[in-house]
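Model the full structure from these sequences, guided by the hints.
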Amino acid sequence: MLTIVIDGFAYGMSLFVMASGLALTLGLMNFVNLAHGAFAMLGGYVTALSMNRLGMPFLATLPLAFLVSAIVGALAERTLYARFYRRSHLDQVLFSIALLFISMAAADWLVGPQQQLITLPEWLQSRFEVAGVAIGRYRAFVILICAALVVTLQLVLGHTRFGARLRAAVDNQRAARGLGINVGGIFAVTFAFGSGLAGLGGALGIELMGLDPSFPLKILVYVLIVVTVGGTTTLTGPFIAALIIGVADVAGKYYLPELGAFLIYFMMIVLLILRPQGLLAPAR
Amino acid sequence: MSAALQTINLEKRFGGLVATDKVSFTLRHGARHALIGPNGAGKTTFVNLLTGVMSSNGGQILLDGEDITNKTQTQRARRGLGRTFQINQLFGEMTPIETIGLAVCGRMGGGGDFWRRMGSRVDIFDEIIGLLKRFRLIDVMDQPTKSLPYGKQRLLEIALALASNPRVLLLDEPAAGVPEAERDELLKTLADLPRDVSILLIEHDMDLVFAFADHITVLVNGTLFADGTVEAIIADPRVQEVYLGSEDHG
Amino acid sequence: MPTDTTCTAETRAMPKQGDLTLHKRVGDALSQRSRWKGAEVLFWLVLGASFLLLPERHLLLSEIVILGLFAFSLDLILGFAGIVSLGHGAFFGLGAYVAGLTAIHLTGEPLTGLVLAGMAAALLGLLTGPLLLLRASDLTRLMVTLGVAMLLLETVNKLSWLTGGADGLTGVVIEPIFGWFEFDLWGTTAFGYTLVVTFILFMIARRVVNSPYGLSLRAIRDNALRARSMGIPVGQRILSIYTFSAFIAGVSGALLTQTTMFVSLDVLAFHRSADVLLMLVLGGVGYLYGGLLGAIALKLMQDWFSAITPQYWMFWIGLVLLVIVLIGRERIDAAPRVFWARITGGAKP
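Protein chains in written order, with this note's numbering: chain A, 202 to 485; chain B, 4 to 253; chain C, 2 to 350.
Hints are computed from structural coordinates only; laboratory data are not their basis. Misleading hints may appear alongside valid ones.
[Stated by the list, open to error] Below, simulated SDA-like cross-link-like pairs (lysine to any residue); rule was C-alpha separation at most 25 Å, straight line:
1. B:K149 with A:R288
2. B:K74 with B:E14
3. A:K419 with C:V85
4. C:K25 with B:V125
5. C:K25 with B:S150
Next up, the structure:
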């Protein structure tokens, strides 16, 4: 039972790492980016290809996945996304769907439709025992990394000047601009960082969720659920939402396999009805 | 005799901030009443509370004696409470004829008719034409609203509110953003508004207030600061003090 | 408040001479949207003519018209009420399955299945419509519509004893229409049937959209806040048009089942909702014909791109969508309408 919770936590946390970038973009720029999963897929492919074709060790590919996704994200933001900030949500949705289609087809063409398999290093395979409970090493690894990331995020947001400026810009863009905060620059950096995080999440997720050209669509729904249910005014909201979804999904697949993903969607609708502004948003 | 519109100890809080502080306000029938106050005094919040855009945290609102505190925006509108917005809230793709026509049709109860061809009811034409004439919109009446000059849009904003035949009309800074050349047209139109509609005017522009109003209420920091005839308010030293600090003409 | 009844009585006022021209202008302006334009007549004539002129393509044309009807139903809520939905496929899929199940368990008579499918979809619309009215962001509403569609997909998948699950529903046998028109292999009856149903529904919707109710929908789309403060019951109107739109979507799904005699899980897949949105982008929203035109355009594009690169047509569709959205939907939307206006002699659709 505890194994399932830990499994769920690992899954949920990797979801959160992927979703945090989207939460930031949505909360900050009010931009509906359905193509976010494409950056996760990119990071995943960087890791898979580096390991399988270049023989790089797993740990080394992680920062690479982050960097490549971040750089691509920054380029995309400056050249394409920036044009859509003032457009309607429908236009943004259509734009991101277009990117989604293009990236999925490109992945299919460049790498092929098959699942990407990686062999984890020795020390991350199998399990170890803690107080009589079997814990997968990889799962534990993912939880640790993600926890470290979450803590870092909170520290950066809460205790650095950049974080303060970012929070100001999220709260009230116009006022922030009036205060001389370079909102455009913050957008670019945040978007790049969010895409990098997505890439890292995708890399970590290969072992947990698999990787093929349809990956962005598969996790799109989950990531959107995390962000919508969790709300975009805080990062803790999506964090909690991701954990709930992770555990519910794993537990659901174990205990009630007949229900499948039904449980997740149902929960989402219920949570959205109860808290349409997000889990932790102040009730209006 | 009940007032056209009345609030009793109306309150609104945003977290720890008190935006409207137990305001008891009376709008008499047929009044030409102005609500003034420095920036941030809570005038628009007050109007939002009156119309139901925001819900209050305490107190009552009475429309012609009827308690509408818990009624929705739509219900209040149907009971004769009309309002214009500080920034034009119009239907960009529709023409003035359609906009006014929609309001008139809705008022007559046929707004939900989904089978009749729009434009087949002839007797509302007179009323539409009347309103368009009064608000000097005849020459632009079949152009899409978003292509109209700002002054004309402002006039349409008021015409739309009046088309529903409200008993009480709340005008939120009608002169805001209107270029100098078009202001006279606006002022004349405001002066010609029917006397049986009770009007509350929210304004920064003191020229407009003095030309239009016979009664003034001053709102400061969400509290009712002063209330009386135009002469009384002008003479009130406290009001002069408040306005010496913030000379703001919209 | 005046005690007039509905906006439908035709009492005649006695206008003065100068007012007569004004009267005419006002009347013309108000009824302008509902008047039949030459281009519209042409469109239906061409569509009808294709029945006679392209006998080898009846199956294909039938499929295009069905998708066009589905896209049209989305236009009703997107273009006229401003509701962005990524889950409209739920109604399409539900209609498809209800029609199939009706044929298997109840009767093979096609019109019964059609009506039942529409009603089932309308019921789902009525039940899930209130979710659209949650005071929340666009994204939340988008997610809710998507969630409902995904839920339905999962449910239908799991109820495989009833629906055939991933294998699909087979054994759907449709009797001849009115006992006379048998469904043949060439798709002739199918196309004729689809065409007639589409035409009837389109005419009904066209009438509704050009009524005072329809005008209030446009107002809600343009500025819901102002509509509310005018006394328009926004929630009610959104619910009713959503239900009506769901009905039509359900009927289009039923048409697919009845003309192909098969239902697969694909009718509930996400790409159905995305495709139909794409059709509206191509064809334009808010003037009723965008769905049908967009379906034709998308099918042509899909065929063309598949011929170039059979495996990666998704890439090209994405690229086209990207270009369209970069140029600006308004300008592209306006293009068919500007074109429309030119060939209808200046009348705005």
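Cross-check of the supplied hints:
no.: 1; hint: B:K149 with A:R288; result: holds (17 Å)
no.: 2; hint: B:K74 with B:E14; result: holds (16 Å)
no.: 3; hint: A:K419 with C:V85; result: holds (21 Å)
no.: 4; hint: C:K25 with B:V125; result: holds (10 Å)
no.: 5; hint: C:K25 with B:S150; result: holds (23 Å)
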